[in-house]
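Undergrad: Starting from the structure of chain A, add chains B and C where the hints point.
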Amino acid sequence: MPNSVKLSNGDRKRGAVKKRLSETTTSRLSPRLKALLARCRPGWSPLREFYFDEEIYRLDLEKIWRRGWLFAGHSCEVPMAGDYLTLRVDSDSVIVIRSNDGTIRAFHNVCRHRGSLICGEERGHAARLVCPYHQWTYGNDGKLLACRGMQKDLDQTQFGLHPVHAREVEGLIYISLASDAPAFDRAQSVLAPAFKPQGLNRAKVAKIVDYQIAANWKLVWENNRECYNCNVNHPQYIKANFDHYNADDSTARVRERMETQVRRSEAKWAVSGLAVSHKETGMTKFPDAERNIWFSANRTALVEGWVSETTDGRQVAPLMGDYRDADVGTLRARTLPNFWNHSSCDHGVSTRLLPGGPQLTFARVTWLVHQDAVEDRDYKLNELLPFWQLTSEQDWKICRNQQAGVNSTACTPGPYSTTKEYNVDAFVLWYLKMLT
Amino acid sequence: MPNSVKLSNGDRKRGAVKKRLSETTTSRLSPRLKALLARCRPGWSPLREFYFDEEIYRLDLEKIWRRGWLFAGHSCEVPMAGDYLTLRVDSDSVIVIRSNDGTIRAFHNVCRHRGSLICGEERGHAARLVCPYHQWTYGNDGKLLACRGMQKDLDQTQFGLHPVHAREVEGLIYISLASDAPAFDRAQSVLAPAFKPQGLNRAKVAKIVDYQIAANWKLVWENNRECYNCNVNHPQYIKANFDHYNADDSTARVRERMETQVRRSEAKWAVSGLAVSHKETGMTKFPDAERNIWFSANRTALVEGWVSETTDGRQVAPLMGDYRDADVGTLRARTLPNFWNHSSCDHGVSTRLLPGGPQLTFARVTWLVHQDAVEDRDYKLNELLPFWQLTSEQDWKICRNQQAGVNSTACTPGPYSTTKEYNVDAFVLWYLKMLT
Amino acid sequence: MPNSVKLSNGDRKRGAVKKRLSETTTSRLSPRLKALLARCRPGWSPLREFYFDEEIYRLDLEKIWRRGWLFAGHSCEVPMAGDYLTLRVDSDSVIVIRSNDGTIRAFHNVCRHRGSLICGEERGHAARLVCPYHQWTYGNDGKLLACRGMQKDLDQTQFGLHPVHAREVEGLIYISLASDAPAFDRAQSVLAPAFKPQGLNRAKVAKIVDYQIAANWKLVWENNRECYNCNVNHPQYIKANFDHYNADDSTARVRERMETQVRRSEAKWAVSGLAVSHKETGMTKFPDAERNIWFSANRTALVEGWVSETTDGRQVAPLMGDYRDADVGTLRARTLPNFWNHSSCDHGVSTRLLPGGPQLTFARVTWLVHQDAVEDRDYKLNELLPFWQLTSEQDWKICRNQQAGVNSTACTPGPYSTTKEYNVDAFVLWYLKMLT
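Chains as they are written, first to last, in the working numbering: chain A, 167 to 602; chain B, 167 to 602; chain C, 167 to 602.
One or more of the hints may lead you astray.
Put simply, identical chains are the same to the list, so a pair is met inside one copy or across any two.
List of simulated lysine to aspartate or glutamate pairs, EDC-like, C-alpha gap at most 16 angstroms [claimed, not checked]:
no.: 1; residue 1: K370; residue 2: E228
no.: 2; residue 1: K318; residue 2: D415
no.: 3; residue 1: K445; residue 2: E470
no.: 4; residue 1: K445; residue 2: E422
no.: 5; residue 1: K318; residue 2: D414
no.: 6; residue 1: K563; residue 2: E287
no.: 7; residue 1: K563; residue 2: D267
no.: 8; residue 1: K373; residue 2: E425
no.: 9; residue 1: K373; residue 2: E549
no.: 10; residue 1: K309; residue 2: D256
no.: 11; residue 1: K200; residue 2: E215
no.: 12; residue 1: K599; residue 2: D346
no.: 13; residue 1: K434; residue 2: D267
These aren't lab readings, by the way, just hints derived from the structure by calculation.
So here's chain A without its partners, still in its complex pose (with noise of 0.2 angstroms):
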């Protein structure tokens, strides 16, 4: 049993950020879930509840879903005044709409007369949006333009939609659905020179590959936040990266392997004004709890001969973006709590994660190449899209098969590896800092 092993130095080191956490605010917690949460501990995986239980999914939904900033989708999926998505944060339904002065909006999808749905399609086009109950109309600005068949006294002024925080940045759409939304300037000013060069606002999407992953959405970003998993389960993927190698396992090989390659990169690319930002073995550290650190972005060399994170290193698609040469690196970016993107010289693949249930997360994996590219003619989807496909699908399984496994009344906490599953202890910290 967890309580009588002894503690690691990993453990003692992580004492002073868990005597904090005991310290926060956690007067609004019932008293059942302040004791699971004071059972938790630095270094170990939550308690099981944390997984299935639903008053704790209420409550993630509370503090995280409905509070931070949200990845809602890619500006050249609603390029003109009028294009709108839809995007459904457990039951919350959002429209994501340009308006008519070319900024993204975004609004709750529920008619203010009686709730109905306004938008009942994922994405479309609309001038004016209009509940299809009694045809309530509102501006791509949400204000209520007429209300035909309401009394006469009614102040339209009162009844525009119920508004949704919304932000672009080097075309990615983030929305949040607090009613005080968190800063969004240190995201922008990490996010916004990162995706400068690889020119996703003049983009397209190549495809968009819907999953629904029988797992809470913690399952699916710890199994992000580390690649001890990869050797056996990612084939493809280790084959174009370093971050599968971890301070223990760089072997001498490994590290010169790496630094050759950081070094040729770093001479080559500034002439670009491409600077590599992550330069060892292993993932880069994300998040950070005590810095309120929940997006990130660095670039960062491939193996030897890989221009490009495909199934065989080559450039499948036209160059995007600022890009004159396929040999940049990838550019990888995450912001919590549901975003991560890898890009390429010739590609960009965006995932998003969005909460069904306390076991169920809908992962949308979307791919983009430049707008010009032309599919069969300049792009290939059975060459642009394993890579990441079977990345991602062998992952979804991981995670299906970690819930089934953590629903057993036997499964206690375990031991993180300190030197492989850094990040997966730093998104717990993340994650119960943000609870409480």
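TA: Then chains B and C, alone, in the frame of chain A:
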């Protein structure tokens, strides 16, 4: 936000009803429910919780579905002694059977021995009701007639089927699951004369179509109680009827058309004893919580040139009941919580609702024609069905869409149109009164 | 209503047991549950809540399924070291594996690292148990052998698989999820001699059929514990057996037939050391809450001319075990909460129940024949299967139908037949005692 919206005149008028509402005994309700009820206000849609909350659904079952009078089916579905049908009110299965003395009786479909269902089929004929498990045998009056294998000292008189109240009125069968059923005589006095000329007890079922509507039963009723949504959603319906015109949009031309039709009909129908009982545009006012009116029926004129609610207004089946002329307008009736019927000279259409869960309603639409009419000789289903099949399915789609919106945490109560949604408001007031 | 029914003699006799029941410590039960228990009375079926209530189902899992001995499978399903099967008790997945020393062991199918399922398949062979996520590797004795990538100071001895108790008795495998498993020796002393001549450890699986029964597991047992329902529901079964006759309907002719068969069998079987241990019409009495009898086995005569529980009574496969003559009657055994077996000279049929939810039971029926028998040469499935396949499916249908009735709010406890349902009563008393 609704709280900051100034009250309309309609709101003020309804203040008196609201005051009475709050004085009603609510002592058995949970504090949470009382708080939700206290936040409902006349003229506005109820809080979203009323459409998905499990506790409220349970209360709906207790206070309304297991207390009031429910439409169960038509007399012509069980014409002979021993003919039965079964229906389910949430988890309660009920047998409606014609007993040997010719009267309709109803019983819980649960053996008094070990609780097995007795009738597994939806309809059938049984001289005696025999439990399939151990063959306990009941008469069609519910008495336990035999229980082979039980001890001799068992007092069989104590083990008749648990009874359910039943009434038959002009071809319509009503049941009540309550121990003390509410009075039926006022409903009888309204329904009997209205339905008498229609001859539903000399009818036959031409078609039954069953639907599962992914919506709370109250959303289905609220949809039924207004024609504010008709202009766009019901192109077939509005061709035949005047009731989608309301006080605010009944132009002089519309009023003149309606008055002409009413005058013409009154003069003509007087001969046959048929009265025009709804003579205005807009729907007849129903229900009425203050006067405990959960039943109503009226005859109204169709638009000029229409004699039946069909897609082109023409008669599509032989005349029913006492009618000797096709020009009899339409008979319309509705009883809360689960029945409405529109009947023309040649056919009648009944809609029966049954609750399946907080977000699930079973709807059955039944078309009735003269008992001697022969399909394909006297009527064709493709002429008989479309009007109400289309109208019904248009409504179910609206309800599902509304449920999806109401489930959003962003859904807030909205104001009802005083000219077009007076009956939705009346329904909600009736509902809230029943709860408390 | 039951409360007003006068008590039969049976009721009075059971008064003593009931008194003891109420004295049992129930301090950990919720007030609601105590109130429900207090309203149960011997000789009558329990309140309907016991068959669908989530809290009671959770208590069943805790007090019965995760405490007692569960039949898991047959020795012949895991003949070699490393052979394993998995099964699920509600959300707990268990691995049953033959270890290198030849003994059967069982472990929770949950990796001690991050909680992933280790074996994703229902059966297989594994020299070592390797978690698919990060390849933590366990011996088939449960010890953690390797965890590449973890910190060096991790004490691996603390991270063996969580053990599950396991016992093997004459070809049957039992497990217990309890920390302190109840004693198995009395069960062993009954089951071992009974099953020895049947030779299940020299058998092979001829067929497995899995069922999902939409009924609470207790309804399945109650159905199993009486043959009151057999005359009508089990036309195949009653042709072979005497146990559907009970004290009240065993005519002189029936008693004479049974006694003749018993006398004949006793004389003949004595040579082979087989004893007739159930010699009366009606079922053997089982279980016995007072003496904590949750296991039983007995041999009984089939009807004249029948040597196997097949549709025509003829032998359909080679003789099993120690039998040298087909005329050995049937061996019958049952252990609570999840196993029964009827075995004839040529084949055995085991039924294993596992709980899937308040209204869901998984049933697996397994047919076993001699290990050397070859399908289509020595036995045909269309001769082997029908007797128990039909009988089982007839029962599952009854159980589903009963669950639907019990779900009705109108379902009230009914009286048991003292001559035909004494074992149903005994089962309920055992169950209630286990809860408290």
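Undergrad: Are the hints correct? Go through all of them and say.
TA: Against the structure, the hints come out as follows:
Taking the shortest alpha-carbon separations for K370 and E228, neither the intra-copy value of 33 angstroms nor the inter-copy value of 55 angstroms comes in at or below 16 angstroms. Within a single copy, K318 and D415 get their C-alpha atoms only as close as 74 angstroms, which misses the 16 angstroms cut-off; across copies the closest is 13 angstroms, which meets it. Taking CA atoms no more than 16 angstroms apart as the test, K445 paired with E470 passes inside one copy only; the shortest distance there is 14 angstroms, against 83 angstroms between copies. Proximity of K445 and E422 under a CA criterion of 16 angstroms is satisfied intra-copy only: 12 angstroms inside one chain copy versus 84 angstroms between copies.
With identical chains, the CA atoms of K318 and D414 are at most 16 angstroms apart between copies only, with a shortest distance of 10 angstroms across copies and 73 angstroms within one. With identical chains, the CA atoms of K563 and E287 are at most 16 angstroms apart between copies only, with a shortest distance of 13 angstroms across copies and 29 angstroms within one. In the homo-oligomer, the alpha carbons of K563 and D267 never lie at most 16 angstroms apart, since the shortest distance is 44 angstroms inside one protomer and 34 angstroms across protomers. In this homomeric assembly, K373 and E425 never come within 16 angstroms of each other (Cα to Cα): the closest approach is 35 angstroms inside a single copy and 60 angstroms across copies.
Taking the shortest alpha-carbon separations for K373 and E549, only the intra-copy value of 12 angstroms comes in at or below 16 angstroms, while the best inter-copy value is 45 angstroms. For the identical chains of this complex, K309 and D256 are neighbours neither inside a copy (25 angstroms) nor across copies (41 angstroms), given an alpha-carbon limit of 16 angstroms. Proximity of K200 and E215 under a CA criterion of 16 angstroms is satisfied intra-copy only: 12 angstroms inside one chain copy versus 27 angstroms between copies. For the identical chains of this complex, K599 and D346 are neighbours neither inside a copy (19 angstroms) nor across copies (38 angstroms), given an alpha-carbon limit of 16 angstroms.
Proximity of K434 and D267 under a CA criterion of 16 angstroms is satisfied in neither setting, with 41 angstroms inside one chain copy and 62 angstroms between copies.
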